[in-house]
Each structure stands twice: as C-alpha cells, then as structure tokens.
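Residue numbers (the numbering used here), protein chains in the order written: chain A, 1 to 300; chain B, 301 to 600.
Keep in mind that the hints are not guaranteed to be accurate.
[What the hints assert, rightly or not] Below, simulated DSS-like cross-link-like pairs (lysine-lysine); rule was C-alpha separation at most 25 Å, straight line:
(1) B:Lys-599 with B:Lys-405
(2) A:Lys-38 with B:Lys-338
(3) A:Lys-68 with B:Lys-446
(4) B:Lys-474 with B:Lys-517
(5) B:Lys-363 with A:Lys-40
(6) A:Lys-91 with B:Lys-405
(7) B:Lys-405 with B:Lys-470
(8) B:Lys-338 with A:Lys-68
(9) B:Lys-491 with B:Lys-446
(10) A:Lys-101 with A:Lys-40
(11) A:Lys-299 with B:Lys-517
(12) A:Lys-131 with A:Lys-191
(13) B:Lys-404 with B:Lys-491
(14) B:Lys-474 with A:Lys-91
(15) A:Lys-91 with A:Lys-145
(16) A:Lys-63 with B:Lys-340
(17) B:Lys-470 with A:Lys-63
(18) A:Lys-191 with A:Lys-299
(19) B:Lys-405 with B:Lys-340
(20) B:Lys-599 with B:Lys-404
(21) A:Lys-91 with B:Lys-368
(22) A:Lys-299 with B:Lys-510
No wet-lab data here; the hints were simulated from the structure. Predicted, not measured: the structure shown is a model, and the values here were computed from it.
Number of protein chains: 2
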Amino acid sequence: NECKDTGEFLSESPVSGFEITRILRDSAREKNIFIHGKVKDQDAVVILEKTPIRQDTLTELLKSSELKLEMRNDVYSTYQLHAPAHLNQIKTTVVCPATEKHVKKYLRQEIFLVEESGEDYRSITLPYISKQSFSVQWVYNILEKKAEADRIICEDPDPDTGFVLLPDFKWDQKQNEDLYLIAIVHRRDIKSLRDLTSEHLPLLTNIRNKGEDTIQKRYSVPSSKLRVYLHYQPSYYHLHIHFTSLDYEAPGCGVERAHLLSDVIQNLQADSSYYHNRIMTFPLRTDDGLLLEFKDAGKL
Amino acid sequence: NECKDTGEFLSESPVSGFEITRILRDSAREKNIFIHGKVKDQDAVVILEKTPIRQDTLTELLKSSELKLEMRNDVYSTYQLHAPAHLNQIKTTVVCPATEKHVKKYLRQEIFLVEESGEDYRSITLPYISKQSFSVQWVYNILEKKAEADRIICEDPDPDTGFVLLPDFKWDQKQNEDLYLIAIVHRRDIKSLRDLTSEHLPLLTNIRNKGEDTIQKRYSVPSSKLRVYLHYQPSYYHLHIHFTSLDYEAPGCGVERAHLLSDVIQNLQADSSYYHNRIMTFPLRTDDGLLLEFKDAGKL
Numbered sequence: 001n002e003c004k005d006t007g008e009f010l011s012e013s014p015v016s017g018f019e020i021t022r023i024l025r026d027s028a029r030e031k032n033i034f035i036h037g038k039v040k041d042q043d044a045v046v047i048l049e050k051t052p053i054r055q056d057t058l059t060e061l062l063k064s065s066e067l068k069l070e071m072r073n074d075v076y077s078t079y080q081l082h083a084p085a086h087l088n089q090i091k092t093t094v095v096c097p098a099t100e101k102h103v104k105k106y107l108r109q110e111i112f113l114v115e116e117s118g119e120d121y122r123s124i125t126l127p128y129i130s131k132q133s134f135s136v137q138w139v140y141n142i143l144e145k146k147a148e149a150d151r152i153i154c155e156d157p158d159p160d161t162g163f164v165l166l167p168d169f170k171w172d173q174k175q176n177e178d179l180y181l182i183a184i185v186h187r188r189d190i191k192s193l194r195d196l197t198s199e200h201l202p203l204l205t206n207i208r209n210k211g212e213d214t215i216q217k218r219y220s221v222p223s224s225k226l227r228v229y230l231h232y233q234p235s236y237y238h239l240h241i242h243f244t245s246l247d248y249e250a251p252g253c254g255v256e257r258a259h260l261l262s263d264v265i266q267n268l269q270a271d272s273s274y275y276h277n278r279i280m281t282f283p284l285r286t287d288d289g290l291l292l293e294f295k296d297a298g299k300l
Numbered sequence: 301n302e303c304k305d306t307g308e309f310l311s312e313s314p315v316s317g318f319e320i321t322r323i324l325r326d327s328a329r330e331k332n333i334f335i336h337g338k339v340k341d342q343d344a345v346v347i348l349e350k351t352p353i354r355q356d357t358l359t360e361l362l363k364s365s366e367l368k369l370e371m372r373n374d375v376y377s378t379y380q381l382h383a384p385a386h387l388n389q390i391k392t393t394v395v396c397p398a399t400e401k402h403v404k405k406y407l408r409q410e411i412f413l414v415e416e417s418g419e420d421y422r423s424i425t426l427p428y429i430s431k432q433s434f435s436v437q438w439v440y441n442i443l444e445k446k447a448e449a450d451r452i453i454c455e456d457p458d459p460d461t462g463f464v465l466l467p468d469f470k471w472d473q474k475q476n477e478d479l480y481l482i483a484i485v486h487r488r489d490i491k492s493l494r495d496l497t498s499e500h501l502p503l504l505t506n507i508r509n510k511g512e513d514t515i516q517k518r519y520s521v522p523s524s525k526l527r528v529y530l531h532y533q534p535s536y537y538h539l540h541i542h543f544t545s546l547d548y549e550a551p552g553c554g555v556e557r558a559h560l561l562s563d564v565i566q567n568l569q570a571d572s573s574y575y576h577n578r579i580m581t582f583p584l585r586t587d588d589g590l591l592l593e594f595k596d597a598g599k600l
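Isolated chain A (complex conformation) (with noise of 0.2 Å):
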C-alpha cells in the first residue's frame, strides 16, 4: 500500500527490537495498550493507540479496502474490513529509558468482584477498615470551613439532614457535560451505604431535593440529565453522594458498584434493613488489603 502521507518511514524502527517483558494494561473499548520491556538493554515502555476514524478519509476508506464475511442474518452482516495502513494508523508511544514509576504509573491492577453478605461485612469488611482508620481529615477540614471552604456550592447546615455540596476534583467546572458534584453529609457516623437505615431517609431525600435544586439554579441542569447515586465500597467512609451529567460516563458509574439514591431510598423505605442484610456485589483491585482480607477468608 502507498503511504500518502508526508515524512519517512524510519530504516531503523525503534520497536523492532522490543522485547516484551509483560503487558502492564490494555482497554478493549479505547482500544490501546500498555507495554513494559526492553529496547538494547533499556527498560522501555511503548503505548499502542488505534486512531480514531475520520470522517474525511472515509470514502477513501471504504472504497480503498477489503471486506471478509462474518455473519449473516436478516437485514444484519457482519464483515472483517482490511484497510490501506496510511488510512488506519497506530498511535505509538515510546518512553526510554522508562523508570520504575513510569512502570507502575502505566500499570493496571487487576479487579474481581466480591459478593458481601451482612455477616462478611461485619466479620471482614468492619474490622479491616476500622483497623485501617483511613482518615477523613480532609474531609471534615471541608465541612469545617478549613479547607475548600470558597468551592461550597450550598450547605444545608442542619447536623442530622445536613451536607455541603462541592464540585469534584475532577470536574474543572468549565462545561456541563462533565458536571460531576459531591455532597457530604455533616453527621460523622455514616460510613456507608451499609450503616444506612430507614431513620435516616430524611437525610437521603433532603441530599436529593436540595441538591437537585441547587444544581438547577446554579448550572440550569435538570434532575432529568443527572445520575445521583452512592458508590459500594466508597473510597472513603465517611457518607457522600455522586451527582453527575447524565451524559458523562463517569469513572465509577457502573453497576457493579454504583447505587442509585432513588433505588436506595425506595429501598429503605420498603425494608429498614435492607443495606444491613443485602449480600452486595463491588469491584475490588489485586493491590486493594481488603481483597486479601476476603481471600484469606476463603471468600474468594
């Protein structure tokens, strides 16, 4: 295939020689790859992207390749296309010499699911957590007024129904697409969706209805474009609540770990024990203790 575009091919390519020492992460979705190994005796680390189709090439595209038959049925088929390589590019990515914490940066950890009953939770799930004691000091430094105090969006100060509203760090707040906001509740002893109880739907409807207000107002998003919902296990245990742009898939926003406040209210409303029961399905990484407290158990 004749390559169009402007520049040269290297004579020496400098992934030829790669040796692969061990995939460090791959998403079939972005369609990319992450690799660890050597190039001459250095440690290297090379990133395989496929590039995103352009609409600009694509009739050249079509026209230009060749089609395998997969599948067939009714007006569906399926085809396997070969394109011209200058049409379907690779973006390739090297860092040599690569460092241990290039390494690890680029390292995707292992996740397995982990069913919870009640009683795994309060004979392995509290105990390690407790002994953990994860600090929350960031986190009542920000319902102090401490810290973060001029990133509040609202505050319903009332110590049982209460919360702070506040953007998530990793929404820059400069478009609504990505909208992504967290509400702290100001009671300390709720650390998570498992301590929940139908005492505490006020609590769960006042975060629902004035959050949703407030972001109307302030972002002119309805209820209608947000997802509100509570992660299991959080990744800290001290209760909040998720609200971000429906049109946004936000880390986390899965169903394996993910819980709708509307499904949790309802819930509650129906069983005050439901969460204290419930055996409850979460991800958890290879480097997370709690999976080895669950292996150890041989819960895994």
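Fit chain B to the known structure of chain A by using the hints.
Same frame as chain A, now just chain B:
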C-alpha cells in the same frame, strides 16, 4: 500484505459502492463511526469500529510494522505506526435495507432520565410497547436455529428454565478483554425485568449458574471477572441477560440502565412483586417514542 486469516475476500465489497448521506454518530474514544447512506438505491447503515489490540499478535505487529516519527522530547517520543492490514482490522457491520427505525436507533440523541412507577408501566409503557409490536423475529430465528445456529455456545432446551448463550454482535471473540455474551430465554412470555416474579427464580439461577460455568470452561474467565446484568428498558422485549467482562466498560453497563442479575435474584427472593411495583429509573433518548408518551402524560 499477506492475509493469514481463513476465509476469502469478497470479490464485490458491499461497501465499496456505498454513498454516504450523513454521519449518525462517532466516538473518538471508542474509535467507531455510524454512517447512514445508500447501497444500490437501498438505505443502509454501516458501522465501523476498530478492533482491540490483541496481545497474541503484538510481537508480529511490532516486528512487521513501519514507523514515522512525530515528536521527540526527553525520554518521550511518538510515532505513526503503519501495520499490516491483517493485524489491524476494522469490524464492519452493515444493516441493509435499513428502515427509518434503524437510522434513528444509531443517531446520537439527547438523553433524559425517566422515573416509571408500576402504574406508569401499565398505563404508559406497556400499551406503547404492545402497540409498536417491535419485531423479535430475529430472536426466534436464533431460538429455532434458523440463524446463527453455529454461533451458539451452549443451550439448555428446557421450555421453562432453558436458554441459549451466544456471543453478542459487538464482540469479535478474538480476545477476552471485551468478552460479551447474551443469554436468550426460550420462554416467549417475559418481556422484561417488569414481568419477573419469584416464579422465575429457577430460570434466573439456571442462567446464572450454567452461563458462568460455560464461560469458565470455554474462555477460562471466572465468575469473579464477569458482570452479569439485565437492561431496563431493554432494547428488545424478549428476556435476555448480558454477560460482559468486568475489564470492559460495555455500553449500557451504567447504573442508570443495568441491573445485576445477583441483585435481581435477591430482590425477587425477598419480594416476588419487587419489579411489579417499584419505581424504575432509566434513560431515554429524545427520539424514543416512549419519551413522548411520558411527556404527553405529564410525567417529565
């Protein structure tokens, strides 16, 4: 470039004469594009998606590709990689002839969250889906082995608790990172989650157990690496269950549309009418007729 795959190239490519009308949707993140156009005066939709980078062909890919330098800075450098076509395929799906419904389905639209009570389901949603009488003939073709029979991975023929398991269209089966299978039940009287009661627990647990066992044996993917869930609303009203790799953020696995099978089973064990009465939250696109029905009923 020599092609090492089995199968012949088609002498006449079904897309070479494709005339592009407009781009319905594309994703730079997922490297796909949905195109509306015409093939020999027939309306058609062509979907192109680059394939995930395969670990088993990496060495060959790095050895046999040509590179052009783009940028060099300190330890970092970037390149355009031109790969042999057989190592860098584009998955192509053709819908032809395509109806207006197909075109609408793939056109990017704004999305709204809808809350549907049990009463709303019976007075708005059920009459709407009955009136539309969406064809599920293609599902019956699979169940009756009139199409895709060779793609079936496992079958339990029991009329009450049986199902077929087969790869989803979206998965090319070349790597397990984006594993995606669908279990379709033999029973034809269950439209969706809304119809499920404790009567269906043997069906659901059978699908869960046999589905997970089969995937473990055939693909060596254990149940702790599987996300098993139902959609509500589903894209077709014949009960089916999604099995996706936990490593793959499959479209539609967000908390606003997906329901973990293990949660569904538990909820039905606790309350047979859970899904009959519950307020269900789900996203609808602007062009979805159901959204209009909810608007007309003053529910949005």
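Evaluation of the provided hints:
1. B:Lys-599 with B:Lys-405: holds, 23 Å
2. A:Lys-38 with B:Lys-338: Violated: Lys-38 of chain A and Lys-338 of chain B sit about 49 Å apart, past 25 Å.
3. A:Lys-68 with B:Lys-446: holds, 22 Å
4. B:Lys-474 with B:Lys-517: holds, 16 Å
5. B:Lys-363 with A:Lys-40: Distance of about 15 Å is within 25 Å: holds.
6. A:Lys-91 with B:Lys-405: violated, 31 Å
7. B:Lys-405 with B:Lys-470: holds, 15 Å
8. B:Lys-338 with A:Lys-68: holds, 20 Å
9. B:Lys-491 with B:Lys-446: holds, 22 Å
10. A:Lys-101 with A:Lys-40: Since the Cα atoms of Lys-101 of chain A and Lys-40 of chain A sit roughly 20 Å apart, the hinted pair holds (cutoff 25 Å).
11. A:Lys-299 with B:Lys-517: The hint holds at about 21 Å.
12. A:Lys-131 with A:Lys-191: holds, 14 Å
13. B:Lys-404 with B:Lys-491: OK: Lys-404 of chain B and Lys-491 of chain B at ~22 Å, within 25 Å.
14. B:Lys-474 with A:Lys-91: holds, 21 Å
15. A:Lys-91 with A:Lys-145: violated, 46 Å
16. A:Lys-63 with B:Lys-340: It holds: about 14 Å lies between the C-alpha atoms, which stays within 25 Å.
17. B:Lys-470 with A:Lys-63: Roughly 24 Å between the alpha carbons, so the hint for Lys-470 of chain B and Lys-63 of chain A holds.
18. A:Lys-191 with A:Lys-299: With Cα atoms ~23 Å apart, Lys-191 of chain A and Lys-299 of chain A stay inside 25 Å; holds.
19. B:Lys-405 with B:Lys-340: Holds, at roughly 22 Å.
20. B:Lys-599 with B:Lys-404: Answer holds: Lys-599 of chain B to Lys-404 of chain B is near 23 Å, not above 25 Å.
21. A:Lys-91 with B:Lys-368: holds, 10 Å
22. A:Lys-299 with B:Lys-510: Status holds; Cα separation ~21 Å.
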